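**Q** Each protein sequence line maps, in turn, to chains A and B.
Just so we're aligned: the first sequence equals residues 1 to 145 in the working numbering.
Just so we're aligned: the second sequence equals residues 146 to 228 in the working numbering.
No lab work stands behind these hints: they were computed from the structure.
Keep in mind it's a predicted model, so treat the numbers as computed, not measured.
Treat the hints with care, as some may be off.
Unchecked claim - Each pair of labels, with its calculated beta carbon distance range:
#, chain 1, residue 1, chain 2, residue 2, range
1, A, T39, B, E174, 52 to 62 Å
2, B, N227, A, V56, 23 to 33 Å
3, B, K216, A, T39, 30 to 40 Å
As the list claims (entries may be wrong) - Below 25 Å or equal to it, Euclidean Cα-Cα: the simulated BS3-like pairs (lysine-lysine) are:
#, chain 1, residue 1, chain 2, residue 2
4, B, K160, B, K170
5, A, K113, B, K201
6, A, K122, B, K211
7, A, K122, B, K160
8, A, K122, B, K201
Said to hold, decoys possible - Far from chain B, by Cβ distances over 10 Å, these chain A residues were calculated:
#, residue
9, E21
10, T59
11, M143
Don't be surprised by glycine CBs; every beta carbon is placed ideally from N, CA and C.
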Amino acid sequence: MNQTEIINKLPYSTPFLFVDELTDISENGVSGNYTFKVTEYFYKGHFKENPITPGVILTETMAQIGLVCLGIFLLKDIISSEKTTPQIALTSNNIDFFLPVLPGEKVTVISEKEFFRFNKLKCTVKMINSKNELVCRGTISGMIR
Amino acid sequence: MTKQEIIQKLTSIVKPYIQNEEGFKNISENTDFINDLEINSANLVDIILDVEDEFKIHIDNDSMEKMMSVKETVAIIQAKMNA
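If we strip away everything but chain A, and leave its shape as in the complex, we get (with noise of 0.2 Å):
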């Protein structure tokens, strides 16, 4: 299963899809990246004139490329052939945040599979921005089905 056919089966659509592209998938692991656009839903309230990438979708990015793609691509041979969509909860996150991410910026999800065993997969994701500077970063954890 390629980049462009794990993004398809994302179960997201815009406003709310955070995954531009996948740079490199594997078992062990995946990195993507998202450029939140200066026109995202989020901006005009968080906060009032002073745009800034609210830490809950920052989480959001992280989980979908770091969690969810790579779930899909675990469960590649089960999900390509009942040509479903997958069936995703997440469970658990602990996350530190150390930079704010403006309108406009690049981010880059780099996340490490620590288990995937009996449906729950739990990995360590980092988000860095442009200048390689760490963003936020912690550990999450879904049921994927």
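With the hints as your guide, set chain B onto chain A.
**A** Coordinates of chain B only, in the frame set by chain A:
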């Protein structure tokens, strides 16, 4: 290891993941992880992984599906430890 020792270890493994305090206070062989302790499916996986580490055994998918209560879990732990 006696059944009581296994139950004791299992009780401390389960503790961080329970939602139902009353169910946990009354934990017994008949306790069901989901119905009585309200443990979610993701934490059920954490419990299985902790059981593997604690008892130095490997749990396969078939066994995992059966491990829904204290009684069934103890039986599988005993079977794997004696295998």
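**Q** Give a verdict on every hint.
**A** Verification of the hints:
Taken as a hint, the range 52 to 62 Å holds for the pair T39 (chain A) and E174 (chain B), whose Cβ atoms sit roughly 59 Å apart. Separation of N227 (chain B) from V56 (chain A) is about 48 Å and departs from the stated range, judged on CB atoms against 23 to 33 Å. K216 (chain B) and T39 (chain A) have their C-beta atoms about 57 Å apart, which leaves the hinted 30 to 40 Å range violated. Among the hinted pairs, K160 (chain B) with K170 (chain B) is consistent with the structure: their alpha-carbon atoms are about 10 Å apart, no more than 25 Å.
About 22 Å separates the Cα atoms of K113 (chain A) and K201 (chain B), which keeps this hinted pair within 25 Å; it holds. Taken as a hint, the K122 (chain A) and K211 (chain B) pair is honoured in the structure, with Cα atoms around 23 Å apart against an allowance of 25 Å. For a cut-off of 25 Å, the pair hint linking K122 (chain A) to K160 (chain B) stands: about 21 Å separates their Cα positions. Between the alpha carbons of K122 (chain A) and K201 (chain B) the distance comes to roughly 21 Å, so the proposed pair stays at or under 25 Å and holds.
Non-interface call for E21 (chain A) relative to chain B: holds, since the shortest CB-CB distance, roughly 29 Å, exceeds 10 Å. Its beta-carbon lying about 16 Å from the closest one in chain B, T59 (chain A) satisfies the requirement of being farther than 10 Å from that chain. Look at M143 (chain A): its CB is around 5 Å from the nearest CB on chain B, not clear of 10 Å, so calling it non-interface is violated.
Violation of the numbered hints given earlier is confined to hints 2, 3 and 11; the remaining hints are satisfied by the structure.
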